[in-house]
Amino acid sequence: GENVEQHPSTLSVQEGDSAVIKCTYSDSASNYFPWYKQELGKRPQLIIDIRSNVGEKKDQRIAVTLNKTAKHFSLHITETQPEDSAVYFCAALNSGYSTLTFGKGTMLLVSP
Amino acid sequence: NAGVTQTPKFHILKIGQSMTLQCTQDMNHNYMYWYRQDPGMGLKLIYYSVGAGITDKGEVPNGYNVSRSTTEDFPLRLELAAPSQTSVYFCATRPPGGRNTGELFFGEGSRLTVL
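Sequence order for the protein chains is V and Y.
All residue numbers for the first sequence refer to the working numbering, where the first residue is 1 and numbers rise by one.
All residue numbers for the second sequence refer to the working numbering, where the first residue is 1 and numbers rise by one.
Quick caveat, the hints were computed from the structure, so don't treat them as lab data.
Computed from a predicted structure; not experimentally measured.
Honestly, I wouldn't trust all of these hints.
[Stated by the list, open to error] Straight-line alpha carbon distances no greater than 35 Å define the calculated DSBU-like cross-link-like pairs of lysine-lysine that follow:
{"#": "1", "chain 1": "Y", "residue 1": "K57", "chain 2": "V", "residue 2": "K71"}
{"#": "2", "chain 1": "V", "residue 1": "K42", "chain 2": "Y", "residue 2": "K14"}
{"#": "3", "chain 1": "Y", "residue 1": "K57", "chain 2": "V", "residue 2": "K68"}
{"#": "4", "chain 1": "Y", "residue 1": "K14", "chain 2": "Y", "residue 2": "K44"}
{"#": "5", "chain 1": "Y", "residue 1": "K9", "chain 2": "V", "residue 2": "K42"}
{"#": "6", "chain 1": "V", "residue 1": "K58", "chain 2": "V", "residue 2": "K22"}
{"#": "7", "chain 1": "V", "residue 1": "K57", "chain 2": "Y", "residue 2": "K44"}
{"#": "8", "chain 1": "V", "residue 1": "K37", "chain 2": "V", "residue 2": "K22"}
{"#": "9", "chain 1": "Y", "residue 1": "K44", "chain 2": "V", "residue 2": "K104"}
{"#": "10", "chain 1": "Y", "residue 1": "K14", "chain 2": "V", "residue 2": "K37"}
{"#": "11", "chain 1": "V", "residue 1": "K104", "chain 2": "Y", "residue 2": "K57"}
{"#": "12", "chain 1": "V", "residue 1": "K22", "chain 2": "V", "residue 2": "K42"}
{"#": "13", "chain 1": "Y", "residue 1": "K44", "chain 2": "V", "residue 2": "K42"}
{"#": "14", "chain 1": "V", "residue 1": "K22", "chain 2": "V", "residue 2": "K104"}
{"#": "15", "chain 1": "V", "residue 1": "K37", "chain 2": "V", "residue 2": "K71"}
{"#": "16", "chain 1": "V", "residue 1": "K58", "chain 2": "V", "residue 2": "K37"}
{"#": "17", "chain 1": "Y", "residue 1": "K44", "chain 2": "V", "residue 2": "K58"}
{"#": "18", "chain 1": "V", "residue 1": "K104", "chain 2": "Y", "residue 2": "K9"}
{"#": "19", "chain 1": "Y", "residue 1": "K44", "chain 2": "V", "residue 2": "K68"}
{"#": "20", "chain 1": "V", "residue 1": "K71", "chain 2": "Y", "residue 2": "K44"}
{"#": "21", "chain 1": "V", "residue 1": "K58", "chain 2": "V", "residue 2": "K68"}
{"#": "22", "chain 1": "Y", "residue 1": "K14", "chain 2": "V", "residue 2": "K68"}
{"#": "23", "chain 1": "Y", "residue 1": "K57", "chain 2": "V", "residue 2": "K37"}
{"#": "24", "chain 1": "Y", "residue 1": "K44", "chain 2": "V", "residue 2": "K22"}
{"#": "25", "chain 1": "Y", "residue 1": "K9", "chain 2": "V", "residue 2": "K37"}
{"#": "26", "chain 1": "V", "residue 1": "K71", "chain 2": "V", "residue 2": "K22"}
{"#": "27", "chain 1": "V", "residue 1": "K104", "chain 2": "V", "residue 2": "K57"}
{"#": "28", "chain 1": "Y", "residue 1": "K44", "chain 2": "Y", "residue 2": "K9"}
{"#": "29", "chain 1": "V", "residue 1": "K37", "chain 2": "V", "residue 2": "K57"}
{"#": "30", "chain 1": "V", "residue 1": "K42", "chain 2": "V", "residue 2": "K58"}
{"#": "31", "chain 1": "V", "residue 1": "K71", "chain 2": "Y", "residue 2": "K14"}
{"#": "32", "chain 1": "V", "residue 1": "K71", "chain 2": "V", "residue 2": "K58"}
{"#": "33", "chain 1": "Y", "residue 1": "K14", "chain 2": "V", "residue 2": "K22"}
{"#": "34", "chain 1": "V", "residue 1": "K58", "chain 2": "Y", "residue 2": "K14"}
{"#": "35", "chain 1": "Y", "residue 1": "K14", "chain 2": "V", "residue 2": "K57"}
{"#": "36", "chain 1": "V", "residue 1": "K37", "chain 2": "V", "residue 2": "K68"}
{"#": "37", "chain 1": "V", "residue 1": "K68", "chain 2": "Y", "residue 2": "K9"}
{"#": "38", "chain 1": "V", "residue 1": "K37", "chain 2": "V", "residue 2": "K104"}
{"#": "39", "chain 1": "V", "residue 1": "K104", "chain 2": "V", "residue 2": "K68"}
{"#": "40", "chain 1": "Y", "residue 1": "K9", "chain 2": "Y", "residue 2": "K57"}
Produce the complete structure using the sequences and hints provided.
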């Protein structure tokens with residue numbers, strides 16, 4: 001089955017810095033890659049996603065890039081703010097389109 | 001619309017007891033999932049369903065059972081609870097559309113402690 005590796009497990013940045021979280025996946029047939037943000041004690045919520053027919057997608061301060069050849073995708077957050085502090089999960093939709101496999105998560109801490 | 005509703009939000013169970021976590025949705029989504037999230041860890045898939053009457057095992061199904069008699073409901077049953085089942089359980093749904101729709105909609109979670 002699909003295997004998703006996520007790095008780093010924790011990331012501390014100063015407010016205003018950029019943050020990058022990287023994921024790799026194993027199933028070359030996977031074609032949909034979402035990113036979820038989970039604040040403490042809350043449910044995960046989708047923040048951005050990318051499909052295999054594009055290499056990059058942006059939404060204000062967040063962007064996701066995808067390299068299908070290398071089977072990796074990354075989340076980029078620019079001008080980080082304290083409210084960006086949360087756990088971020090990457091995921092990949094399996095080739096049968098029925099389940100998502102999640103990475104283990106990255107705890108992002110943005111210090112004022 | 002309530003979205004995805006899970007009950008109970010919190011529960012303490014004794015070792016060996018059984019219980020059912022309820023999940024109901026009003027979005028008419030075909031796909032439903034149960035994930036568990038251990039402290040500081042990611043989401044592991046327990047069971048999923050692609051429609052009423054169909055269920056499949058995920059990554060960590062042992063000690064759990066599910067049923068899907070209606071589109072709306074997807075209860076998760078814990079049999080003979082063990083401390084290793086202490087976790088936060090999330091129910092999630094996904095709309096139909098196969099490869100073109102991947103977004104999961106999560107419930108608020110059920111925090112279960114087994115003592």
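Hints, one by one, checked against the model:
1. Between K57/Y and K71/V the CA atoms are separated by roughly 26 Å; this keeps the pair inside 35 Å, and the hint holds.
2. Between K42/V and K14/Y the alpha-carbon distance is near 25 Å, which keeps this suggested pair within the 35 Å criterion.
3. Between K57/Y and K68/V the alpha-carbon distance is near 28 Å, which keeps this suggested pair within the 35 Å criterion.
4. A threshold of 35 Å between alpha carbons decides the hint, and for K14/Y with K44/Y the separation of about 23 Å falls inside it, so the pair holds.
5. Between K9/Y and K42/V the alpha-carbon distance is near 12 Å, which keeps this suggested pair within the 35 Å criterion.
6. Pair hint K58/V plus K22/V holds up; C-alpha atoms about 16 Å apart against a cutoff of 35 Å.
7. About 27 Å separates the Cα atoms of K57/V and K44/Y, which keeps this hinted pair within 35 Å; it holds.
8. As the CA atoms of K37/V and K22/V are separated by approximately 14 Å, the hinted pair is consistent with the 35 Å bound.
9. Of the pairs offered as hints, the one joining K44/Y and K104/V holds, with about 9 Å between alpha carbons and a cut-off of 35 Å not exceeded.
10. Straight-line distance between C-alpha atoms of K14/Y and K37/V comes to about 32 Å, which keeps the hinted pair within the 35 Å bound.
11. Taking the CA atoms of K104/V and K57/Y, the gap is near 20 Å; set against the 35 Å cutoff, the hint holds.
12. Taking the CA atoms of K22/V and K42/V, the gap is about 23 Å. The hint holds against a cut of 35 Å.
13. At most 35 Å may separate the alpha-carbon atoms for a hinted pair to count; K44/Y and K42/V meet this at roughly 17 Å.
14. With a C-alpha separation of about 12 Å, the suggested pair K22/V and K104/V falls inside the 35 Å cut-off, and the hint holds.
15. The straight-line distance between the Cα atoms of K37/V and K71/V is roughly 22 Å, inside the 35 Å bound, and the hint therefore holds.
16. In summary, the hint linking K58/V to K37/V is supported, as the alpha carbons are separated by about 16 Å, within the 35 Å threshold.
17. The suggested pairing of K44/Y with K58/V holds, with an alpha-carbon distance near 28 Å, which does not exceed 35 Å.
18. In summary, the hint linking K104/V to K9/Y is supported, as the alpha carbons are separated by about 23 Å, within the 35 Å threshold.
19. Annotation: proposed proximity of K44/Y to K68/V holds, straight-line Cα distance about 24 Å (limit 35 Å).
20. Distance restraint check for K71/V and K44/Y: the Cα-Cα separation of roughly 21 Å lies within the 35 Å cut-off, and the hinted pair is therefore satisfied.
21. Straight-line distance between C-alpha atoms of K58/V and K68/V comes to about 18 Å, which keeps the hinted pair within the 35 Å bound.
22. Our distance criterion of 35 Å between C-alpha atoms is broken by K14/Y and K68/V, whose separation comes to about 47 Å.
23. Taking the CA atoms of K57/Y and K37/V, the gap is near 26 Å; set against the 35 Å cutoff, the hint holds.
24. Straight-line distance between C-alpha atoms of K44/Y and K22/V comes to about 19 Å, which keeps the hinted pair within the 35 Å bound.
25. At most 35 Å may separate the alpha-carbon atoms for a hinted pair to count; K9/Y and K37/V meet this at roughly 20 Å.
26. Only pairs whose Cα atoms come within 35 Å are accepted, and K71/V paired with K22/V is accepted, the gap being roughly 11 Å.
27. Between K104/V and K57/V, the direct Cα distance comes to roughly 23 Å. Compliance with the 35 Å bound is thereby established for this hinted pair.
28. The hinted pair formed by K44/Y and K9/Y meets the criterion: a straight-line CA distance of about 19 Å does not exceed 35 Å.
29. Between K37/V and K57/V the CA atoms are separated by roughly 17 Å; this keeps the pair inside 35 Å, and the hint holds.
30. The straight-line distance between the Cα atoms of K42/V and K58/V is roughly 25 Å, inside the 35 Å bound, and the hint therefore holds.
31. Between K71/V and K14/Y the alpha-carbon distance is near 44 Å, which puts this suggested pair outside the 35 Å criterion.
32. This hinted pair checks out: K71/V and K58/V have alpha carbons roughly 19 Å apart, not beyond 35 Å.
33. This hinted pair does not check out: K14/Y and K22/V have alpha carbons roughly 40 Å apart, beyond 35 Å.
34. A hinted pair counts as satisfied when its Cα atoms are at most 35 Å apart, and K58/V with K14/Y does not qualify at roughly 48 Å.
35. For the proposed pair K14/Y and K57/V, the alpha carbon gap of about 48 Å is over 35 Å, so the pair is violated.
36. Under the criterion of a C-alpha separation no larger than 35 Å, the hint pairing K37/V with K68/V is consistent with the structure, at around 23 Å.
37. Straight-line distance between C-alpha atoms of K68/V and K9/Y comes to about 40 Å, which puts the hinted pair past the 35 Å bound.
38. As the CA atoms of K37/V and K104/V are separated by approximately 12 Å, the hinted pair is consistent with the 35 Å bound.
39. This hinted pair checks out: K104/V and K68/V have alpha carbons roughly 21 Å apart, not beyond 35 Å.
40. Taken as a hint, the K9/Y and K57/Y pair is honoured in the structure, with Cα atoms around 24 Å apart against an allowance of 35 Å.
Of the numbered hints given earlier, the model fails hints 22, 31, 33, 34, 35, 37; all others are met.
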